[in-house]
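Using the sequences plus the hints, can you model the full thing?
There are 4 protein chains.
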Amino acid sequence: MKNGNKNVLTAVTEVEVHFYDVDAVNIVWHGNYVKYLENAREAFGTKFGFEYMEIYRNGYITPIVDLHIRYLNTVALGERLIVEIQYVPSKSAKLTYHYRIWRKTDRLPVAEATTVQLFMSKEGVFETSTPDFFRRWKQQWNQ
Amino acid sequence: MKNGNKNVLTAVTEVEVHFYDVDAVNIVWHGNYVKYLENAREAFGTKFGFEYMEIYRNGYITPIVDLHIRYLNTVALGERLIVEIQYVPSKSAKLTYHYRIWRKTDRLPVAEATTVQLFMSKEGVFETSTPDFFRRWKQQWNQ
Amino acid sequence: MKNGNKNVLTAVTEVEVHFYDVDAVNIVWHGNYVKYLENAREAFGTKFGFEYMEIYRNGYITPIVDLHIRYLNTVALGERLIVEIQYVPSKSAKLTYHYRIWRKTDRLPVAEATTVQLFMSKEGVFETSTPDFFRRWKQQWNQ
Amino acid sequence: MKNGNKNVLTAVTEVEVHFYDVDAVNIVWHGNYVKYLENAREAFGTKFGFEYMEIYRNGYITPIVDLHIRYLNTVALGERLIVEIQYVPSKSAKLTYHYRIWRKTDRLPVAEATTVQLFMSKEGVFETSTPDFFRRWKQQWNQ
Numbered sequence: 000m001k002n003g004n005k006n007v008l009t010a011v012t013e014v015e016v017h018f019y020d021v022d023a024v025n026i027v028w029h030g031n032y033v034k035y036l037e038n039a040r041e042a043f044g045t046k047f048g049f050e051y052m053e054i055y056r057n058g059y060i061t062p063i064v065d066l067h068i069r070y071l072n073t074v075a076l077g078e079r080l081i082v083e084i085q086y087v088p089s090k091s092a093k094l095t096y097h098y099r100i101w102r103k104t105d106r107l108p109v110a111e112a113t114t115v116q117l118f119m120s121k122e123g124v125f126e127t128s129t130p131d132f133f134r135r136w137k138q139q140w141n142q
Numbered sequence: 000m001k002n003g004n005k006n007v008l009t010a011v012t013e014v015e016v017h018f019y020d021v022d023a024v025n026i027v028w029h030g031n032y033v034k035y036l037e038n039a040r041e042a043f044g045t046k047f048g049f050e051y052m053e054i055y056r057n058g059y060i061t062p063i064v065d066l067h068i069r070y071l072n073t074v075a076l077g078e079r080l081i082v083e084i085q086y087v088p089s090k091s092a093k094l095t096y097h098y099r100i101w102r103k104t105d106r107l108p109v110a111e112a113t114t115v116q117l118f119m120s121k122e123g124v125f126e127t128s129t130p131d132f133f134r135r136w137k138q139q140w141n142q
Numbered sequence: 000m001k002n003g004n005k006n007v008l009t010a011v012t013e014v015e016v017h018f019y020d021v022d023a024v025n026i027v028w029h030g031n032y033v034k035y036l037e038n039a040r041e042a043f044g045t046k047f048g049f050e051y052m053e054i055y056r057n058g059y060i061t062p063i064v065d066l067h068i069r070y071l072n073t074v075a076l077g078e079r080l081i082v083e084i085q086y087v088p089s090k091s092a093k094l095t096y097h098y099r100i101w102r103k104t105d106r107l108p109v110a111e112a113t114t115v116q117l118f119m120s121k122e123g124v125f126e127t128s129t130p131d132f133f134r135r136w137k138q139q140w141n142q
Numbered sequence: 000m001k002n003g004n005k006n007v008l009t010a011v012t013e014v015e016v017h018f019y020d021v022d023a024v025n026i027v028w029h030g031n032y033v034k035y036l037e038n039a040r041e042a043f044g045t046k047f048g049f050e051y052m053e054i055y056r057n058g059y060i061t062p063i064v065d066l067h068i069r070y071l072n073t074v075a076l077g078e079r080l081i082v083e084i085q086y087v088p089s090k091s092a093k094l095t096y097h098y099r100i101w102r103k104t105d106r107l108p109v110a111e112a113t114t115v116q117l118f119m120s121k122e123g124v125f126e127t128s129t130p131d132f133f134r135r136w137k138q139q140w141n142q
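Residue numbers (numbering that gives the first Met the number 0), protein chains in the order written: chain A, 0 to 142; chain B, 0 to 142; chain C, 0 to 142; chain D, 0 to 142.
In case anyone wonders, no lab produced these hints; they're calculated from the structure.
Calculated cross-link-like contacts (lysine to any residue; reagent style SDA-like; alpha-carbon spacing at most 20 Å): (1) Lys121(A) - Leu76(C); (2) Lys46(C) - Phe18(A); (3) Lys34(C) - Asp65(D); (4) Lys121(B) - Phe18(D); (5) Lys34(D) - Gly30(A).
This is the structure:
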């Protein structure tokens, strides 16, 4: 897919709702969606050579600085969810992803989310300019 | 405290960071903050007679429909956090809270957050007008 | 498979280790194995018509009364695990399962576990004699 | 307290049951007890100079190799628990703790547990003889 001159990079992962995921009113506890977003980032990293460990080998961690989830429909025990993640291009030294979650059986929308991550050195200092390895990664994928 | 004609309703709770809260780079995993916000809502409920079970007895659950967290500083094992929750008055049938989290020892800001909840009947239907018990609660606390 | 006169009932499920599963020393936090065991019980329930919700419809919940895990090898981020669950026949009104967990790539043993569950009515009373629906289930599967 | 010639080393911590701790039948999910045991080990470490980070500075991590929990009574939302941890002396290079958990209000027994930990170097090798720093710690506390 193209978005202007850029490729649109997306990945998809599937989540199964377990007993330990639901709360006292039998719906998935809202905090668990944060795990589903992380699953999607891992799937994205695997697909596009951008795994957590690859980033770490280049000297960085990428802490989340902004998390925004809009919950559209509740989810019950045993349901299966699809989580789609899309990379949002940016000129600055940050990582932004959009997410859409829907129920697998009928594509009922379940949630939308956005996360923003910054690059931090292992010494705990935020990186304000784009790290070289990230610049190369963006060129490789036309971002 | 007053905010215009309204009282400003706040509560505070304390959180201790345990070994199981930190991730592979020794900082609190960002998803755990969702628990800290829930702790604060529980403290608020206890202080102002607005507990989860009290709401449930009135026929409602209050699912989160919007969660927004801005992470300002990372947190390490063994640190103690203070979580302050403030009720945000609204004319509509929803519950909005703001949160500020800081490190106990030196008041370093750690995160800010907002949650929005709607009222849902036990049959799973969202309530668009203000439930009676919530109207009474708002009057009681001048909200 | 046969075990004396009885069939040996087993099910298998697969687990992927996510970033949020590992601890500060980069191995899966030991408490997360409890989730993997529950995944396996769910797979068993699906395979043999013994799901949590099916038990609940028959009037019972089945709280864990004994959990024993022996950890044999640590597990790292990104590894995939196989969890095998085996039903352990018993004449009394309880559910016992044995579990073996190994690494998918090389079958390295990771853990062994046993859980015991009792039948409790929804009113919170433990059932000392075998519930009818459980007796029928045992006959159906020659247990 | 004395146990033969040895001091009996115990510590106590308090746990509050949050909404996110209970499951679909409104009792604490059994896997969460593993966190309560870790809280107690942390309290023990603080009291007796045996924190996780202190062990780590001496070159070791101490992975759990055996976890055994016996659940005696279910626990509901809002209850407070007391967790008592007792160090079990041993001549070999391992750490064994016993735990008792009870409800704070009426001392109802909730669970008993045992954990066993071994010493592992940061390179991932199990230590079969008692590490020096652990020998000194045992002498200091007459264990």
